[in-house]
Amino acid sequence: MYGGGYIFDEPNGKQLREEQQHDDPGKLSAFEERIARGEKIEPGDWMPAEYRRQLIRLIEQHAHSEIIGALPEGTWITRAPGFKRKLALIAKVQDEIGHGQLLYNAAETLGKSREAMINDLLSGKSKYSNVFNYPAKTWADVTVIGFLIDAAAIVNQVANAKGSYGPYCRALERICYEESFHLKQGHDAFIELATGTPEQKAMLQDALNRWWQPIMHFFGPPDKTSQHSEKLMQWKVKMASNDEMRNQFLDSYVPKIWELGLTLPDPLLRKNADTGRWEYTDPNWDEFFRVINGGGPCNAERLQVRKWAEEEGRWVRKALMNPAERRSLPVA
Amino acid sequence: MSSNAALTDLIIKMADDELVLGHRNSEWTGLGPVMEEDIAFSSMAQDKIGHAWALYRILHENLGGEDPDRFAFMRPESAFKCAHLVEMPNGGYDFSLIRHFLFDHAETVRYESLQDSSFEPFQLLSKKVKGELKYHTLHANAFIIQLSKASEEGYARMQTALNDTIALAAGIFEPSAAHEEELIAEKVYPGEKALYHRWLDRIYPVLVKASLNLPDMETITPVYGGRQGFHTTHLAPLLKEMGEVFNLDTEASW
Amino acid sequence: MSNESLDPRVNRLKLGDASAVIKVEEGENWNVYEVFHQEKRGAHHEHVGCVHAPDPQLALVFAKEQFARRKKCVNLWVVRSADILAFDVEDEDMFANNLEKNYRDASGFKVMEKINKFKQSK
Ligand SMILES: [Fe+2]
Ligand SMILES: [Fe+2]
Ligand SMILES: [Fe+2]
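Chains as they are written, first to last, in full-length UniProt numbering: chain A, 1 to 332; chain B, 1 to 254; chain C, 1 to 122.
Some hints here could point you the wrong way.
[What the hints assert, rightly or not] Which residues of chain A face chain C? A partial, calculated answer using Cβ under 8 angstroms: (1) Glu39; (2) Gly74; (3) Leu102; (4) Arg114; (5) Glu115; (6) Ser241; (7) Thr281; (8) Leu303; (9) Val305; (10) Lys318; (11) Arg326; (12) Arg327; (13) Val331.
[Said to hold, decoys possible] Partial chain C-side listing against chain B, Cβ under 8 angstroms, derived: (14) Pro8; (15) Arg9; (16) Lys23; (17) Glu25; (18) Asn29; (19) Val48; (20) His52; (21) Pro56; (22) Gln57; (23) Leu58; (24) Lys64; (25) Gln66; (26) Lys71; (27) Val74; (28) Trp77.
It should be emphasised that the hints constitute simulated quantities derived from the structure, not laboratory data. In this text, a Cβ means the ideal position worked out from N, Cα and C, and glycines have one as well.
Go ahead and model the full structure; you've got the sequences and the hints to work with.
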């Protein structure tokens, strides 16, 4: 999974728009024509500085989200009930690490090293999807994550896979293929609880209630408040607006929740038959920003665990380092 | 054909080792030293749990044993027959790697010996897992050799971990007075002693390549007991955790 | 002992302080190797991505699980990214006229026309 649809902005947009003005106008228009024709941009191509910067940020945050996203579900690796669930969960969390690997590689083609990206994650400079700052309290939480968070991620990733940057699209193609397994195994485990004993059902309903708001947050603030850049859309960095993706998610998955006799904690949630769009209570966006800025229940633990892993593995990496070797970034 | 009791005993030992070590190794998933290795180590953990599952299925389908999930997730600690080696907490990556190296070579010689077992399900299984085990030992050998040769710290860590682990690993080959002779006579497998020597023949050249010193095997005391149901204090909490969700309702489907 | 995490795995770790400064050194994730995947015997090896590894041997070990744990595969190649030589993007124009040189192509030769013309002339 897990490119949260929301790209976290750094407060220096202005400065960069100036930087933008230094791009050669002739090259810029050739670049934009190329994208308009549906061509992909490859690592060696000329690209506007702002395009490069935004892509690094997008792909890097996506990569962080994968390896941090492995943690809430990893919580249940040692407790998954039965062989099939146990193996599927390990394989799924493993895939998420694999997605991180693919995405860091894609970002590296733009000139930022994996080490630099990891450092920005550890220092808090670079964000990851907010949804992973919430705890997975019970086994039912894992099924909600596997089914619905992965589903949300798929909506986002399928859109991004049509973007303009070749290496990112190629990584997403592979990722989307694996996500279909995540979604299926999550849905299967979800249905098992929904159709199980009263206790299993209650456990699932409770998890669903707790995860609904983070899921609604997943695609980012509503279009009316987020100044989503026309440029990013034109450059095919951002492929769909937050509200569009949220609506698409609701359209595909709310019926799949309701058909199992489960409820969602939003009395206003319904599809408007006239407009064809979903209506819902606006989730608490102050809470969203509070959690992004470190105030969530698990922010500290997530980074502490990542730091532990980097520290614990350092001797292995250092022992095998070969400083004399000619190094380079990925080529494609 | 050898008796069900003897076969059952052997299968439970093998399967419990695989399950408990696979479980331990899966604790690294998401926390490994570098993403590429995280992925590789996780696959090998999955393979082990998969081997355990396959063995419990043989028990279930051929020898009248219980359903694999119930057998694995509900049995009391004393009914487990795993070696102490696999019960130990992960510790650092050095211990985990050495354990992986020592165990997977033991696993390899064991499955190889089953290729012409008189018990047909063993033959089929050993064919199926052959390629997986080849990768596991390739991975283990590469890491052991490279880490030992790369730096002083790498070498020291590997040698220390080897010294600390070898007696536990030798415990994999704990003999069984009750059943072993029968299994050897019936050509089910060649027995623990034979496997132990084949294992030493496998690990020794790798250790030489790594310039690591194999402790004098005459002087170490293999850690036995696991095969008889006597375990370290680490196993009970592991099993409790593993069965936590399953045992919320053992009649429910999860 | 316990970190009061909901994750029993995490509770077994000796976690450091959340505010601790942990930095990874440049080069600690080793070098980059491009990975080529062969789906079946007789097929070309195709580029599928890359792995970070300290040497070719471990690159191959890593590539096996990252790029061949699901997909059908019979072999893999790895090669150091630094050893890949490619044309500059600006040199794309060198390939521009390939399609126009029909003297290299079967379709550039109209034998039947000539034969028919010959037959008619008889
Ligand atoms: Fe993912
Ligand atoms: Fe996923
Ligand atoms: Fe193994």
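Do the hints match the structure? See the list:
1. Glu39: The hint is violated - glutamate 39 (chain A) has no Cβ within 8 angstroms of chain C, the shortest such distance being about 11 angstroms.
2. Gly74: 7 angstroms, holds
3. Leu102: Hint holds; leucine 102 (chain A) Cβ to chain C Cβ min 6 angstroms, cut 8 angstroms.
4. Arg114: Holds - the Cβ of arginine 114 (chain A) comes within 8 angstroms of chain C, reaching about 5 angstroms at its closest.
5. Glu115: 5 angstroms, holds
6. Ser241: 30 angstroms, violated
7. Thr281: 28 angstroms, violated
8. Leu303: With Cβ-Cβ at 6 angstroms, under 8 angstroms, it holds.
9. Val305: 6 angstroms, holds
10. Lys318: 7 angstroms, holds
11. Arg326: OK, holds: arginine 326 (chain A) within 8 angstroms of chain C, min 5 angstroms.
12. Arg327: Arginine 327 (chain A) check passes; min Cβ-Cβ to chain C is 5 angstroms, inside 8 angstroms.
13. Val331: 5 angstroms, holds
14. Pro8: At about 5 angstroms, which falls below the 8 angstroms cut-off, the nearest Cβ of chain B leaves the hint on proline 8 (chain C) intact, so it holds.
15. Arg9: For arginine 9 (chain C), the interface hint holds, since the closest Cβ of chain B sits about 5 angstroms away, which is under 8 angstroms.
16. Lys23: 16 angstroms, violated
17. Glu25: 13 angstroms, violated
18. Asn29: 6 angstroms, holds
19. Val48: Result: violated, 14 angstroms to nearest chain B Cβ.
20. His52: Holds, about 6 angstroms.
21. Pro56: 11 angstroms, violated
22. Gln57: 6 angstroms, holds
23. Leu58: Hint on leucine 58 (chain C): holds, closest Cβ of chain B at ~6 angstroms, below 8 angstroms.
24. Lys64: 7 angstroms, holds
25. Gln66: Hint on glutamine 66 (chain C): holds, closest Cβ of chain B at ~5 angstroms, below 8 angstroms.
26. Lys71: Nearest chain B Cβ about 14 angstroms off; hint violated.
27. Val74: Since the shortest Cβ distance to chain B is 12 angstroms, the answer is violated.
28. Trp77: 16 angstroms, violated
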